[in-house]
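**Student:** Quick note, the first sequence lines up with residues 8 to 757 if you use the numbering used here.
Treat the hints as calculated values from the structure; they're not laboratory data. As the structure is a prediction and not an experimental result, all values here were calculated from the model. One thing to keep in mind: the hints can contain errors.
[As the list claims (entries may be wrong)] Computed cross-link-like contacts, DMTMM-like style, restricted to lysine to aspartate or glutamate with a CA-CA straight-line distance of at most 25 Å:
no., residue 1, residue 2
1, 106, 159
2, 238, 86
3, 126, 136
4, 609, 590
5, 273, 253
6, 67, 119
[To be verified] Label pairs and their in silico Cβ distance ranges:
no., residue 1, residue 2, range
7, 183, 427, 20 to 26 Å
8, 167, 51, 42 to 48 Å
9, 9, 202, 39 to 45 Å
Beta carbons are placed, not taken as given, at the ideal position from N, Cα and C, and that holds for glycine.
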Amino acid sequence: MDLSMLNPQQRLAASTLEGPVLILAGAGSGKTRALTYRAANLMDQGVAPWRILCLTFTNKAAREMKQRITALVGEKADDAWISTFHSTCARILRRDIEKLGYGRSFAIYDDEDQNSVVKEILKQQDIDDKFLPPREVRSKISDAKNRLLTADEWFAGSDRDHRCQLIHDVFTAYEKRLKELNALDFDDLLIRTLELFAQHPPVLQSYRERFQYVMVDEYQDTNYAQYMLVKLLTSESRNLCVVGDDDQSIYGWRGADIRNILDFEKDFPETTVIKLEQNYRSSANILDAANQVIAHNERRKDKRLWTDSDQGEPISVYCADTERGEAGWVVSRIKLFHGQGIPYSQMAVLYRVNAQSRVLEEMLMSTAAPKIPYRVFGGTRFYERREIRDIVAYLRVLENPADDMALMRIINVPKRAIGDSTVQELVRHARRQEIPLFSTLAVPPETLSSRPRKCVAEFAGLMAKLLVLKDTMGLTDFVEELLKLTGLQAQYENISAEDAESRLENIREFVGAVHEFEEANPEAKLADYLENVSLVTDVDSLSEDGGYVTLMTMHSAKGLEFDTVFITGMEEGLFPSSRTATDEQRLEEERRLCYVGITRAKRKLCLTRAYQRTIYNTPNHNAASRFLEEIPKRLVKDEAAARDRAFRDLTPARAPQPTAGKTPLRPGDPLSIPGVQKGFAASPARVMAAQAKPQFKVGDRVIHRKFGEGIVTAITGAGLAGRIRIEFIALGEKEFALSLAPIAKLEDDA
DNA sequence: GACCATTTATTTTTT
DNA sequence: ATAAATGGTC
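Please build the complete structure, drawing on both the sequences and the hints.
**Tutor:** Written as structure tokens, this is what we have:
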């Protein structure tokens, strides 16, 4: 294997094949490259590809690694297992889960399914879901599972109060119910695999012998269960290579344990430690900023990322009046940069919470032509849409008839007169007989009166028909047939509801996705597709040259890079989130998240915030994020300053002031008290009207208080009757009264 | 059993 | 503000 393309550390990483290896890889240091070369090198040295296991966190990372290894060694890379922890476990379980008393066609439950189960149990046990919100129960269960605790063990280590007792009871019932449903939640995929290994040593042994070489990407994000899995698999071969960066550990809230990477050398004393510290991604300014921010963390391994690339451009910091202004500025910059030749696909807007995407999306949509192509990742995923979930629920029931949750969802969708009372009767019957709800369809209870009985029988007939078709048709054809036979499609075709059209569109898109999947995996069965639905996220489908601007959370952006990155909402309370303010450890995680965000940028980084942000319909005034303050001023260019200067120059010495004699506090000033200051500044229009305007001429670059930057396209009339037309970068052309418009001339700074 | 109106929670990040 | 959940009515 030709390793001459690598730097000395990368080369060392790619050529240290035996024994435990810890690669500490800073952001942008070429760790994927080192890993892929290492895998290729292994194969080159005669290790059979099927003896290699690579574990990642996202399908995208897995896919990318697979592609890159294939590029180096060709087709034989196909025999290596390169996939996410969850898919790997699902694959192992599909083979042997019957040993644990589950059926092979187990369902994988997502949050919403989990929620339904918890709710069902709360109802059953007569617990008020206001006293014990399902959310909380779920998170407690997940926490416990991540630490490999059973309900009993969890309770023993808890406060042991009444509340914990209730949680324990729900937890216990939840586990029992999931098994009845022949379903596994996300955590179960790992746990049950470990259980399989623990209870059936020969199974473990076979995988141990098979996987002589194990590699783990993003090791800093592993939780205890994942740690155990890796440890179990490699305890004999000792050939474990992990790559990670403690500074990029951002999944602590999901049970990731940063100690896994910090203590790796303790776990494996004979470890070879390799540090990748040269960053190839970002300009010196960006890297400097990232380093300065992360240096504020106490708990980290000491390392110095360096680069020999140019200083690059200063980091833009922009403070807008409101979140709309913030979004407007981002949109205008995207247009500007695009005009300068940066492709849309090389720009990303990152934020802390998904909810922030909305304003951005509104602005992007309302912008004047040329429209900016964009794609929002995360948030409500495609498969979470109602009409899609309905189809998937049908498929799930057909694959796994024990899945009561899915059946309940579709038993009366589309409406077929099987109402609540009928369903309840069926459920009671199923409980008594201890059979799945599905089984009651064919043999409903005697007590059911004739009309509902007929409806149920008809539904049972439909499902029976589908069951036959399922095994005789191709996947895509089957789905099309299902849409017809069930009336799911007709449901939206006949109705003129305003959202019917988009739902139909989604359904068509779903069929397209199934088709695509079938093309890519001709052998695939329904079970495989369902697994894909459960484990694949939309971020996995991000493509490098999609020609669109990417909008996503900083969490989702981990592992990605863009020429230009915007990070919005750089405000205390939002980022870092107010929930982390009291806890130093969680605050450090927020800072790491900031580090991840900053280091996504190659050449241009723009950080924005808003003086006033409306959350829940309530205006908030947030101070600048501490992370913003942690970036040295010498690296920063304050974009708002140019705008403010333009306004200040126009403000007369004795402008009307809200508070006589005193400089008014502006929200965002260190002294301002949140909630006291209402708006941004007092009636700018009035201030402007009070004094003479500079002469505008066609072609001038101007800035408008509300609409942002624009170019003067026409001036008509004079004096009080004067009108001015401005073409705004983001929002198109608008006309104003010359004497009133809150506009200012802008010096050229681009 | 279906539909409409009122109420209520939602905001951390995701495999 | 919005979307889901509940409850009451036809």
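**Student:** Confirm or reject each hint.
**Tutor:** Comparing the hints with the structure gives:
Taken as a hint, the residue 106 and residue 159 pair is honoured in the structure, with Cα atoms around 23 Å apart against an allowance of 25 Å. Only pairs whose Cα atoms come within 25 Å are accepted, and residue 238 paired with residue 86 is accepted, the gap being roughly 22 Å. A threshold of 25 Å between alpha carbons decides the hint, and for residue 126 with residue 136 the separation of about 8 Å falls inside it, so the pair holds. At most 25 Å may separate the alpha-carbon atoms for a hinted pair to count; residue 609 and residue 590 exceed this at roughly 32 Å.
Under the criterion of a C-alpha separation no larger than 25 Å, the hint pairing residue 273 with residue 253 is consistent with the structure, at around 16 Å. A distance of roughly 24 Å separates the Cα atoms of residue 67 and residue 119; the hinted pair therefore holds under the 25 Å criterion. Roughly 25 Å separates the CB atoms of residue 183 and residue 427, a value that falls within the hinted 20 to 26 Å. As the Cβ distance of residue 167 to residue 51 is approximately 57 Å, the hint placing it in 42 to 48 Å is violated.
Here the CB-CB span from residue 9 to residue 202 is close to 44 Å, well matched to the stated 39 to 45 Å.
Consistency with the previously given hints fails for numbers 4, 8, ordered from lowest to highest.
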